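Enquirer: Given next are the chains, with one letter for each unit.
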Amino acid sequence: MTEPTDKVDEQPLDEYLKGGSSVSRQYRQLPGADVPPSLDRLVLRQAEEAVKRPSRPAWMRWTAPLAVAASAVLVVSIVLETGLRDETTVSAMQEKREAAEAPIETRMIEEPASEPSANAPAADSAAAELVMPVPPPPKIEVPPPASASEMPMTAVQRRAPPPPVAAPAPAPLEEQVAKAEERDNAAFVADVARQKSALEAAARERELSASQRAMRGEQAGVAGPRDTVETPEPKAVLSYSRPISASAVVTSADSMAKLEKTYTDPEAWLKDIRQLRKDNKPEEADRQWKLFVAAFPNYEVAENDTAREANK
Amino acid sequence: MSAAAGDVTGAAGATVSTIGAAPDDATLMLRYRKGDVRAFEMLYERHKGSLYRYLRRLCRSQEAANDLFQEVWSKVIASRERYEVRAKFTTFLFHIAHNCAIDYFRRAGRPQEKGAQDVDALADELPGPGHESPDAALSEAQLRADFKRALDELPAEQRDVFLLYEETGLGLEDIGRITGVAMETAKSRLRYALGKLRGALRQHQSPTLQSSVS
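Residue numbers (this note's numbering), protein chains in the order written: chain A, 4 to 315; chain W, 391 to 604.
Rather than coming from a laboratory, the hints here were simulated on the basis of the structure. Among the hints, erroneous ones may be present.
A few chain A residues that don't get close to chain W, going by computed Cβ distances all over 10 Å [claimed, not checked]: (1) 13; (2) 74; (3) 183; (4) 185; (5) 282; (6) 283; (7) 298; (8) 304.
Straight-line C-alpha distance at most 27 Å; calculated BS3-like pairs for lysine-lysine [unchecked claim]: (9) W:438 x W:465; (10) W:438 x A:55; (11) W:438 x W:424; (12) A:199 x A:293; (13) W:465 x W:424; (14) A:281 x A:293; (15) A:274 x A:284; (16) A:293 x A:274; (17) W:478 x W:465; (18) W:465 x A:21; (19) A:199 x A:182; (20) W:478 x W:438; (21) W:424 x W:478; (22) A:21 x W:538; (23) W:538 x A:55; (24) W:478 x A:21; (25) A:55 x W:465; (26) A:199 x A:274.
Since this is a predicted model, take the numbers as computed values, not measurements. By construction, the Cβ of each residue, glycine as well, lies at the ideal position given by its N, Cα and C atoms.
Generate the whole structure from the sequences, applying the supplied hints.
Expert: This is how it looks when you write it as structure tokens:
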């Protein structure tokens, strides 16, 4: 703040600051303002009482810093926990996907393709029950992941027998596991049956086009498999009731390969047989053809299909 | 100019801080912190007059001054455990008093008077005479009354700085610290307060006194 030096002279101020000015003298001569005695007593009594009161314990001095530190820790832990929970959700979805892939792969190898067709009616009813969310494997639900260190569990680890720590209550857990296995098997059988029925429906649709192709003299071995493999498979796979399994089957090429090797898909089987004949493996192709005919006796194959034994 | 003014101590400085070989204020406060009530009594006796006059003349109300006086000492008592010797005890005490007075003005809804305005704009607002008296032999009581009136009519900020300078003996730098302004601002306020008070005195000066008033 600037002051106009032309208006107020600095010299009187300097002389005043040196002391002994008339203004100071006049101020000292003002009527005295003495503190009332009652006020004196009040203040002194207050000071005395304050000393008599027990002072704050030493640890009380740390309450404020401790409260701040605790709040900071709480906030950080909440933030970390929230972040980890998001990651856990993502990883849990990934694990469910992996876990869903694993049973399909293993079961496809373990169970023959003809078995589902025999159990198809029962499986359909079981699958109908499982159209709605299927309870995940019990090992995923029972021990919820408490920290990030427990998160990266593979599907194999989940399916491993419970650790000895969980021994005190093994019976309910095993029952749950067994029930879950049964439900999974039923769902799997239902899926396979549904897949087969979808393929059969697709095959019927293809009959008309196959006859037309025969009229045009097309080679069924060239165009047929390409047409047939692509259309029905998504229907069959996507009809699977469990979303995780469906996505797993769709996304996993490995699983698709194993699915074809079980030859639940007749067209894929035919394609392999054609490939065997192209590779000059007639014996293996004949054997596969016989198996194919045995597995799918009613499946119609074009007369000029290279997969047929007669074409050898 | 400013450097010289900052080094100058107050007019009443000697009366506040030096009392023979008595312990200084900080020592007394530390002793009271440890439970020595006698130390507080000494401290209180040393500062109660100046503090009360400061509050009484700043607030211009005895009742408010009594309340503020008690409030200030209550805060000093309450802060004894946290007290550390960082500045003069006088600065500490009057800083509390200044803040209590500001709170009082806010509570009372008192307008900021002329002091809220720029002090430059108040340069020519010297107080007029209480009454135009042609009598050259004005009584001393009349002079004091006019001086008192001029003091009361000062803007609150200027009155605050003047009272702090007169009652505490602190330098302008400490006064600026207490009032929360720069030293130059405190100096400016003091200059204008001084000009107005001198104007009040000048009305009653006899030719013999004229030379002594500066």
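Enquirer: Please go over all the hints and tell whether each is borne out by the structure.
Expert: These are the hints, each one checked on the structure:
Separation of residue 13 of chain A from chain W is inadequate, the least Cβ-Cβ distance of about 6 Å not exceeding the 10 Å criterion. Chain W leaves residue 74 of chain A outside its interface by the beta-carbon criterion, the shortest separation being 22 Å against a cut-off of 10 Å. For residue 183 of chain A, the shortest C-beta to C-beta distance to chain W comes to about 65 Å, beyond the 10 Å cut-off, and the non-interface label holds. With a closest Cβ-Cβ approach of about 72 Å to chain W, residue 185 of chain A is found to remain outside the 10 Å limit, as its non-interface label requires.
Its beta-carbon lying about 93 Å from the closest one in chain W, residue 282 of chain A satisfies the requirement of being farther than 10 Å from that chain. With 10 Å as the threshold on Cβ separation, the claim that residue 283 of chain A sits away from chain W holds: the shortest Cβ distance comes to roughly 98 Å. The beta carbon of residue 298 of chain A is kept farther than 10 Å from every beta carbon of chain W, the shortest such distance being approximately 91 Å. No beta-carbon of chain W is positioned within 10 Å of the beta-carbon of residue 304 of chain A; the least distance is around 97 Å.
The suggested pairing of residue 438 of chain W with residue 465 of chain W holds, with an alpha-carbon distance near 14 Å, which does not exceed 27 Å. With a C-alpha separation of about 22 Å, the suggested pairing of residue 438 of chain W with residue 55 of chain A holds against the 27 Å cut-off. About 21 Å separates the Cα atoms of residue 438 of chain W and residue 424 of chain W, which keeps this hinted pair within 27 Å; it holds. For the hint linking residue 199 of chain A to residue 293 of chain A, the alpha-carbon distance of about 19 Å falls within 27 Å, and the restraint holds.
Distance restraint check for residue 465 of chain W and residue 424 of chain W: the Cα-Cα separation of roughly 17 Å lies within the 27 Å cut-off, and the hinted pair is therefore satisfied. Pair hint residue 281 of chain A plus residue 293 of chain A holds up; C-alpha atoms about 17 Å apart against a cutoff of 27 Å. Simply put, residue 274 of chain A and residue 284 of chain A have alpha-carbon atoms about 14 Å apart, close enough for the 27 Å limit, and the pair holds. Using a Cα cut-off of 27 Å, the hinted pair residue 293 of chain A and residue 274 of chain A holds, with the two alpha carbons roughly 14 Å apart.
Proposed proximity of residue 478 of chain W and residue 465 of chain W is supported: the alpha carbons are some 16 Å apart, at most 27 Å. A hinted pair counts as satisfied when its Cα atoms are at most 27 Å apart, and residue 465 of chain W with residue 21 of chain A does not qualify at roughly 33 Å. For a cut-off of 27 Å, the pair hint linking residue 199 of chain A to residue 182 of chain A stands: about 25 Å separates their Cα positions. Proposed proximity of residue 478 of chain W and residue 438 of chain W is supported: the alpha carbons are some 16 Å apart, at most 27 Å.
The suggested pairing of residue 424 of chain W with residue 478 of chain W holds, with an alpha-carbon distance near 19 Å, which does not exceed 27 Å. Taking the CA atoms of residue 21 of chain A and residue 538 of chain W, the gap is near 22 Å; set against the 27 Å cutoff, the hint holds. For the hint pairing residue 538 of chain W with residue 55 of chain A, the CA-to-CA distance comes to about 43 Å; that exceeds 27 Å, so the pair is violated. Using a Cα cut-off of 27 Å, the hinted pair residue 478 of chain W and residue 21 of chain A holds, with the two alpha carbons roughly 21 Å apart.
Distance restraint check for residue 55 of chain A and residue 465 of chain W: the Cα-Cα separation of roughly 17 Å lies within the 27 Å cut-off, and the hinted pair is therefore satisfied. For the given pair, residue 199 of chain A sits about 17 Å from residue 274 of chain A by alpha-carbon distance, which is consistent with the 27 Å threshold.
The structure shown violates the earlier hints numbered 1, 18 and 23.
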